[in-house]
Amino acid sequence: MSPLLQGMVTILIGVGGCVGYFYAANLLLDRVIFPPSGRDPGRNISRANAVRPWLFLAPAMAALGLYLVYPVVGSFWRSLYNRDGGSFIGLGNYTDLAADPAFRTALFNNLLWVLVVPAASTFLGLIAAQLTDRIRWGNIAKSMIFMPMAISFVGASLIWKFVYANEADIGLINAIRAGLGFQDPIDVIQIPFWNTFFLMAILIWIQTGFAMVILSAALRGIPDETIEAAILDGANPFQIFFRVMVPQITGTIVVVWTTITILVLKVFDIVYTMTGGNFGTQILPSYMMSYMFKDDGRATAVAFVIMLIVLPVMVWNILQARKEMR
Amino acid sequence: MAGLTLSGVGKSYGAVEVLKGIDLEIETGELVVFVGPSGCGKSTLLRMIAGLERITAGTLTIDGVRVNDVPPAQRGIAMVFQSYALYPHMSVRDNMAFALKIAGRSRDEIDAAVTRAARRLQLEPYLDRLPKALSGGQRQRVAIGRAIVRDPKVYLFDEPLSNLDAALRVATRIEIAQLKEAMPDSTMIYVTHDQVEAMTLASRIVVLADKGVAQVGPPLELYEKPRSEFVAQFIGSPAMNLLEGAISGTGETTEVRLAAGGGTIASKVPTEPGDKGRKVRVGIRPEDMEATDGEDYAFEGRVEILEALGEVTQLYFERADPEADPVIAKLAGVHAGLRGKTLRMTADPGRVHLFAGGRSLLWR
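Note that the protein sequences, when read in sequence, are chains A and B.
Sequential numbering from 1 applies to the first sequence in the UniProt record's numbering.
Sequential numbering from 1 applies to the second sequence in the UniProt record's numbering.
These are computed hints drawn from the structure, not numbers from a lab.
Every value quoted in this text rests on a predicted model; they were computed, and no experiment measured them.
C-beta atoms are modelled at their ideal positions from N, C-alpha and C, and glycine is treated no differently.
Check the hints yourself; a few may be wrong.
With beta-carbon atoms standing in for the labels, derived distance ranges [unchecked claim]:
{"#": "1", "chain 1": "A", "residue 1": "P247", "chain 2": "B", "residue 2": "D194", "range": "25 to 35 Å"}
{"#": "2", "chain 1": "A", "residue 1": "P247", "chain 2": "B", "residue 2": "A167", "range": "30 to 40 Å"}
{"#": "3", "chain 1": "B", "residue 1": "N163", "chain 2": "A", "residue 2": "N49", "range": "38 to 48 Å"}
{"#": "4", "chain 1": "A", "residue 1": "N49", "chain 2": "B", "residue 2": "D165", "range": "30 to 40 Å"}
{"#": "5", "chain 1": "A", "residue 1": "E324", "chain 2": "B", "residue 2": "G39", "range": "33 to 43 Å"}
{"#": "6", "chain 1": "B", "residue 1": "G39", "chain 2": "A", "residue 2": "I135", "range": "46 to 56 Å"}
{"#": "7", "chain 1": "B", "residue 1": "D165", "chain 2": "A", "residue 2": "Q239", "range": "26 to 36 Å"}
{"#": "8", "chain 1": "A", "residue 1": "R134", "chain 2": "B", "residue 2": "R66", "range": "25 to 35 Å"}
{"#": "9", "chain 1": "B", "residue 1": "D165", "chain 2": "A", "residue 2": "L308", "range": "48 to 58 Å"}
{"#": "10", "chain 1": "A", "residue 1": "S46", "chain 2": "B", "residue 2": "G136", "range": "39 to 49 Å"}
{"#": "11", "chain 1": "A", "residue 1": "P247", "chain 2": "B", "residue 2": "R54", "range": "48 to 58 Å"}
{"#": "12", "chain 1": "A", "residue 1": "W194", "chain 2": "B", "residue 2": "G136", "range": "53 to 63 Å"}
Construct all of the structure, not just a fragment, from the sequences and the given hints.
See the structure below:
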């Protein structure tokens, strides 16, 4: 079977299965288990209605339990065992992590990523949203900025490998350098410390589009009158933007910011593809990958550390998002 | 010198003209109300004065200075929006202080101005609250306070009471009237679709219709001497009754024979001998209609619907032509038994208007 056909069959089975499940489950509930007949039909109807939500929730709960709750518990349990899972070593993996300088480098780099990427993406997205809002070719510009969102992290990394390539004929950076008269090409992803920022640029490039789309919608939701009132109050465009518009969408900005933060803590592909964690660019997810299948105990311990770091950001994100919806 | 003049002012969006040839002189200290049907451009005109819409034709001057191309903030105007347009993230104090902060005034100056405005509008207890913690009436007072703080030459109000409930609307209307009285030197321009607001607040009313000014004058002049059928029907509620007829007698007092019903009615609107036989429409306000037994009457008909409001009774007459506008009479007091009765209605000759071709014969 061709992959295309395979995909279509999968979609058909998936969607058809969902529809079929809800239809059949409802039918079973209403006709067989609690039919609206017999001695007390009213009670049967209310019983059926009490059961129905659980019926609808059941598949989702089963899937979440199987693919989220069980892995969390299982991972934690695995992280308490040694390399091959043969013997229980308690928190041994965690103490080893704390003692490993490579882990500390990854933690420090990850901190940089968390500080820079969400801030830069959100800020650039906000500026892009505002600047593209009122111009004729704004929508074209928006599509261009949004397009990287559609590229996988690995794909994006490959594109940027060309940008950073260590040869003036291929690499954009070195081509510009050559154009400016510099002789020898440089390998930007080997420059210590700064190379981390060059890797961040890839994720910023991808995430700016996301931030722009969400913030653009938020900016459009601001009542025009408040902006007109600010014009009458004598505010210049910068004051209007930063003192009247941005404060009105802080909630959305926080949601975008935290969403990107959570993503940053999970992305390993870019580092993995670009440097494989070499040249001091390691971050936690790629550090975890480097131990996977070699020392699953330690890899799951790293996974757990990442989860603990993401959790508070996630909680805040959800709280903010809920507040926005109200 | 006029506080604000518009000469030949017009507005078009591309090829679509929404306002044209508007000439208006507004004296310092006046409260002018713009009224008109929905979409007549009254809010657009106000926004053009504010500088939020570009003026595409004509000249606007404030205090004798042409301000067509002057940025809104430097025109010496302040505007109160229908939706209040408060900055939701700022406290009441900051909302009122914003313009002065932008203008770079000293802190003492700002504090003094805000405190003064807050005291005048009884907003002192709420200065540190956010707008969302205020009621609609309080929010509107903050919006007015924001205007006062700037001490503008001209205040612009864009339907400021439309978002308030009926009781609050009356209270706030009176507050605005008092505010005007306390600031006799400020000019105010007020847009509304509410006749009561227009009649009670205005020193002059500007009726806008058909891209231009239909009539300008003190409220009662518009009520008593409308220049056109449009103004006659727009001012007053229910709208003025219009009945077809032809002039049968001319002079100081004009006699009109009505097309339907065959009655004759006198009007104090003078006509010339040449007008004899001219087709006119007789305008009588519902509140000027009175029942009569005589042979001179404007309308005869059966009462189809009767609305007893206690203070007045409104009678809706059956019309032979169902397409015709209803004829309505508004009688003082209670008249419960009139439903289904056939009545002859007439009016005092001094209160009978005559229109030809839509224009009043009084103003030709």
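Practice problem: With respect to the beta-carbon atoms only, verify the hint that D165(B) and L308(A) lie 48 to 58 Å apart. | Solution: holds, 53 Å
Quiz item: Quick one: are R134(A) and R66(B) within 25 to 35 Å, going by C-beta?
Solution: Given a distance of about 28 Å, which is inside 25 to 35 Å, the answer is holds.
Exercise. For P247(A) and D194(B), compare the CB-CB distance with the range 25 to 35 Å and indicate the outcome.
Key: About 34 Å separates the Cβ atoms of P247(A) and D194(B), which means 25 to 35 Å holds.
Quiz item: Could one say that the CB atoms of G39(B) and I135(A) fall in the range 46 to 56 Å?
Solution: violated, 29 Å
Practice problem: Take the C-beta atom of N49(A) and the C-beta atom of D165(B), compute their distance, and say whether it sits inside 30 to 40 Å. | Solution: holds, 39 Å
Quiz item: Okay, N163(B) versus N49(A) on CB: inside 38 to 48 Å?
Solution: holds, 41 Å
Quiz item: Falls inside 30 to 40 Å, the C-beta gap from P247(A) to A167(B)?
Solution: holds, 34 Å
Practice problem: Determine whether the Cβ-Cβ distance between P247(A) and R54(B) falls within the hinted range of 48 to 58 Å. | Solution: Between P247(A) and R54(B), where Cβ atoms are some 28 Å apart, the hint is violated.
Quiz item: Taking the beta carbons of D165(B) and Q239(A), is their distance inside 26 to 36 Å?
Solution: At roughly 35 Å between Cβ atoms, Q239(A) and D165(B) fall inside 26 to 36 Å, so the hint holds.
Quiz item: How does the Cβ-Cβ distance of S46(A) and G136(B) compare with 39 to 49 Å: does it lie in that range?
Solution: holds, 42 Å
Practice problem: Starting from the hint 33 to 43 Å, judge whether the C-beta atoms of E324(A) and G39(B) obey it. | Solution: The hint (33 to 43 Å, Cβ to Cβ) holds, given that E324(A) and G39(B) are roughly 35 Å apart.
Self-check item: Distance restraint hint 53 to 63 Å, applied to the beta-carbon atoms of W194(A) and G136(B)
Solution: holds, 56 Å
Comparing the model with each earlier hint shows violations of hints 6 and 11; every other hint is respected.
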